[in-house]
Amino acid sequence: MAFWIASSPHNHIQSETSQLMRHVIYAAIPGIFAQWYFFGWGNLIHIGLAILTALLCEFTILALRNKPISKELFDGSAILTAVLLGICLPALAPWWITVIGVIFAIGIAKQLYGGLGHNPFNPAMTGYVVLLISFPLQMTTWQPPLSLLNIELNLSNTLSAIFTGFTLEGYSVEQIRTGIDGITMATPLDTLKTNTTLGLTVYESMTANVFGDNFALGWEWINAGFVIGGIYLIIKKMIPWQTPVSFLAGIFICSFIAYSINPDSSPSTMFHWLSGATMIGAFFILTDPVTGATSIKGRIIVGLLAGLLVYLIRTFGGYPDGVAFAILLCNMAAPLIDQYTRPRTYGHTKG
Amino acid sequence: MQSILERITSGKFWSFHGGIHPPEQKALTATKAIRTLPLPKQLIVPLQQHIGGEGDLLVNVGDKVLKGQPLTLASNPMALPIHAPTSGIITAIKKSVIAHPSGLSELCLFIDVDGKDTWIKRNKNQDYQQLSSSEIIKKIADAGISGMGGAGFPTHIKTNSAANIDFLIINGAECEPYITADDLLMTEQSQAIVDGINILKQVIAPKNILIAIEDNKPNAIKAMEIATKGLAHIHVCVVPTKYPTGGEKQLIKVLTGKEVPSGSLPINCGIIMQNVATCFAISQAVINDTPLIERVVTVTGQALDTPQNAWVLLGTTIDFLLSQFSAQPLESGKQPVIMGGPMMGFGVLSEQVPIIKTSNCILIPSKQEMPSAFDRQSKEVECIRCGECAVVCPSQLLPQELQWSAKAKDYPQLEKLNLRDCIDCGACAYVCPSQIPLVQYYRIAKAEIRQQQILDIKAEKAKVRFEARKLRLEKEKIAREEKQKKAAAARKAAMNKATPEAANAKSAVAAALARVKAKKAGTTTAAAPESSKSENNVEDNTQKSQVAAAIARAKAKREQKNQTKDRGNNANTTEDKPPQDSAIESTADNTKSVASKPDDKKAKIAAEIAKAKAKKEAKSAPSITQSTDEASTEAPIPATQSDNSQADDKKAKIAAAIAKAKAKKLAKSTQANQSTDLEVTSGNADVDANNTTLTKSEKKAAIKPSHEPNISDNIGSSNTDPSNTDSSNKTQNQADDKKAKIAAAIAKAKAKKLAKSANENTSNNANNNTQKELT
Amino acid sequence: MSILIAIAVVGVIAALFGALLGFASIRFKVEADPIVDQLDALLPQTQCGQCGYPGCKPYAQAVADGEAINKCAPGGEDTIKKIADLMGVEVQPLDESHEQDNRPKVAFIIEEDCIGCTKCIQACPVDAIIGAAKQMHTIIIDECTGCDLCVAPCPVDCIEMRVIPETTQNWQWDINSIPVKQID
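Chains as they are written, first to last, in the working numbering: chain V, 374 to 724; chain U, 2 to 776; chain Y, 110 to 293.
There is no bait here: all hints are sound.
No farther apart than 30 Å at their CA atoms in a straight line, the calculated lysine-lysine pairs in the DSS-like style are these:
1) U:K410 x Y:K191
2) U:K223 x U:K208
3) V:K440 x U:K410
4) U:K520 x Y:K243
5) Y:K228 x U:K459
6) U:K202 x U:K122
7) U:K447 x Y:K180
8) U:K33 x U:K117
9) U:K471 x Y:K190
10) U:K335 x V:K444
Derived from the structure by calculation, the hints contain no laboratory data.
In isolation and in its complexed conformation, chain V is listed as follows:
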């Protein structure tokens, strides 16, 4: 009879990285559903296209790097990156935007740095930022919610718009964006920014119909969807609660201070929380373990920092939404934060 030597521990919790990734993807479903409900098929098509590109890209590079393809291709990380990037893109952006973004995210931001676990920057956000800087026109042609459109945007129309730039009836993306009143519509954040620079108060701007009844038509429900997913992840202990909580707290602190000083030019905390990419950033992107801080203290610091940066960029920066930039900046700071938030080892005195 012969046995074998194995290193302890012999038991294992039986969790796997791919399982974690899968759960994060599942958790994004409510948000994606809300997105589909308010903005149509556009993002679903982008997500599908992104997944396809991501797998192809990952496969090619893994093959080039002589890595075990079957094991790493389906660990879920590439698919998750693709899903997140797909969610973030404007619904009617042309197809090549997705392809370029994903190739950059997977090929350069992830694999060139050594693959999963070694990338210093969140791949989805890196891809997004590259697109935003390189193709500002396509990346800011946000489509208004379906209910505000005067052109019916069904699946085939959306497909056609994404791949040819025109719907089947021959409307261009620009024409789709034009509202009933003949004014090109933008996102609530964008609108607010433009209006405040025009001298309008927040209250006055909020009357525009992109804001809907509450804070931001459509966007608030999408963000709510991501909150639901995020809470599911926290309950499942797939993501630490400290990061999103401190991030939202960071935004709250900044916006609260600004609102109490000057309510006319500062939107409320709820507007900040429920518009743009706040919630997906809080629960899905900032919590990416690879690029975040590892210690609990570090995570809180990263969250607060990200909140501050998001607020600063939204208020004073050139771009209407700053989640992607804020997260990349935090990624940069994470190793340093880790360095200074090392826990005190048992039996050692602090310092």
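Keeping the supplied structure of chain V fixed, place chains U and Y upon it in accordance with the hints.
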């Protein structure tokens, strides 16, 4: 301290960072009483079963031993004796696989059990209060008790400390899943354990005694509370269940809120911890005079039919245990067998592994309950820095950073990250979603660091010794020179003195010189050095001849080695032959053309080389097998003859010398051959690329045949000459003797010459090669 | 004129700082560990002479003077790497003339063959062999550095280099052996 006690009595405890809750699976065995097993047929008792040294053997193969009889004697404080677990006969003392993660073999005693279980005479002593501390400690040491929780540190050393002890903590936490040995022991033997605690109290005199039990052992808690009723100084502490609460440092933190400083021992904080099983063993040893020969072992796991705790004799093999607890034998190579718990135990390599003092559990899991134990291949994927490991680490380390540094072998960084505070608990690896065997990496790194430290110390020592030696040699040299100088000065002074005494001295010196000269003259004819030795007795001769024989033997050995090497070479040369033959003509032309050129020197060199090569070749080919035989047969002959007479002795020496010469020659030639062959092959490899190198290599080989007969003749004569003289020597004539010596000397010289030429040749070749390539 | 003043001012400042620096370099001189000692500390101190120098210190001196860093066989790759780090040069593979078998070894005297010639004692650089003329010699294993300098001088070839056997004391967890090691 009062506040600590208050907290404890009110049931509040501190908590340590991290920890996990793996499936406990204690219900498998917790409800069943401890079983008594029949005697096994054979016991395998390792000499060393704890941390520290092994004792000196007291028994031999064939001895009959009684139960409890000491088998070894502890020769140093860290060593512990072992005892015969039952009566029987020692059938073997040999290396066998032991209970160690390495699966290495160590010295074990094999005892054939006679089945009578006869005790050695015991001296039971109920009244331990009368014993002094040192007597108790001696009893503990003689009983061979080591920590029975896992590490196996000798108990008498831990107990024998004069420090002021605030807390004696009795560790009954048993936080490892599956194991219930301590639980059952506390339930069934609570009184004996309390006796043991009282004995410890008498020795250590602690201010407080705490018995820590995790709250998942209600029976044990009840039993211990009943047993300690009325003992005010003993507190039973029910601590929350969490792995690894049973770790020494963790339990101290939980009970007292103190942290043992890194690199320090609990004893320095006034705390001593003992396992409950150790306490039981102490009471057995002191009160019943029963050494540590058996222990409770949890035999568990869902792959067994009847998992249960059992009293197991030390030395019982896993094989026997399995046969007692499972109806059908395990599938070989498919079933993991773990000694210890699932978190910190180790896989055993063979069913012959015996139970030792520290084995508290044998775990045979089924595939459903512990799939990861069946994974033969690591399922490791990249770390995603999720930080789970840092969350559960009871030492508050950063396991993922440690892992990176361990993989990068960055030992200074590991030191900085406090790797040495890792307690190997395995919590990090348990929760890792990437299934990285973190503990494994740390173990390797720890071992490497330890090894490096040992090497550093050794290097430092070697340096000191080297320096000391250099200094000594220097001193000796100076002293020698000094002495010589002095002697010379004294001589000069004596010579220069013009007094008659001096003259006398001078003449005396002169006379002495003359005497010496005369003696020399006399002895040269009588084979100078031997003449004085001839007065020596026969014993000396035999000694000397033995020396000669030894040398000859060594030579023969070397030769054999060379021969085997040569075989390989010969194979090479035969392979190389065809191209050489085909190129003879071209080389002939080539030499001519070279000769006609102004640089005929080069040609000459080439010719020389070729000649030498040929010589070597010829030599190595025919003579190797012969001469090795000769050398090996010749060697013993002189050894036997030398006993008879002086002349024979001399002969033996000559023979030895010849053998030596031959051996040397052969060795050299084969060496040379090797190198030349290498060159030839390399030359051939160059053929396509470079014409000049082609001709060179061919030239070398081509001229060989023409010289071959010549040289082999030469060698033949040099081989036969000495043997001829050898035979003629039997006349015991001194002159003959001389001749023989001369012959031997000639042979030696020849050998040397050949060797030298061979050496030169190779170097020449090398030079030549480079020259040619330059042209 | 103003140019001249500027030049003068800059010149004076330069001279001042130069003097300051010069003074500082003398006043606050740090006794750096000489490079040879640092190198010597990296070498394994087997004193084996395989590098072609009579001991580790001479080789350290030689490396400091520009000798190749890859001649220390007992130290192996690790030592080469460390020396390369210290000297700021490229890591080189171990000199090919050395054997590749770098397992730690100690000398062992086959005692029945020993004739007591003391040659090995004279060869041992760390005095790790004890014995006297015509008496059997033996190795102090703990002191032996495994340099194999004693093997060649032995006239009866009774010294062998033996690999230090693996025991539970010096056994190391080995990643390669862990999941796959199997004995039948």
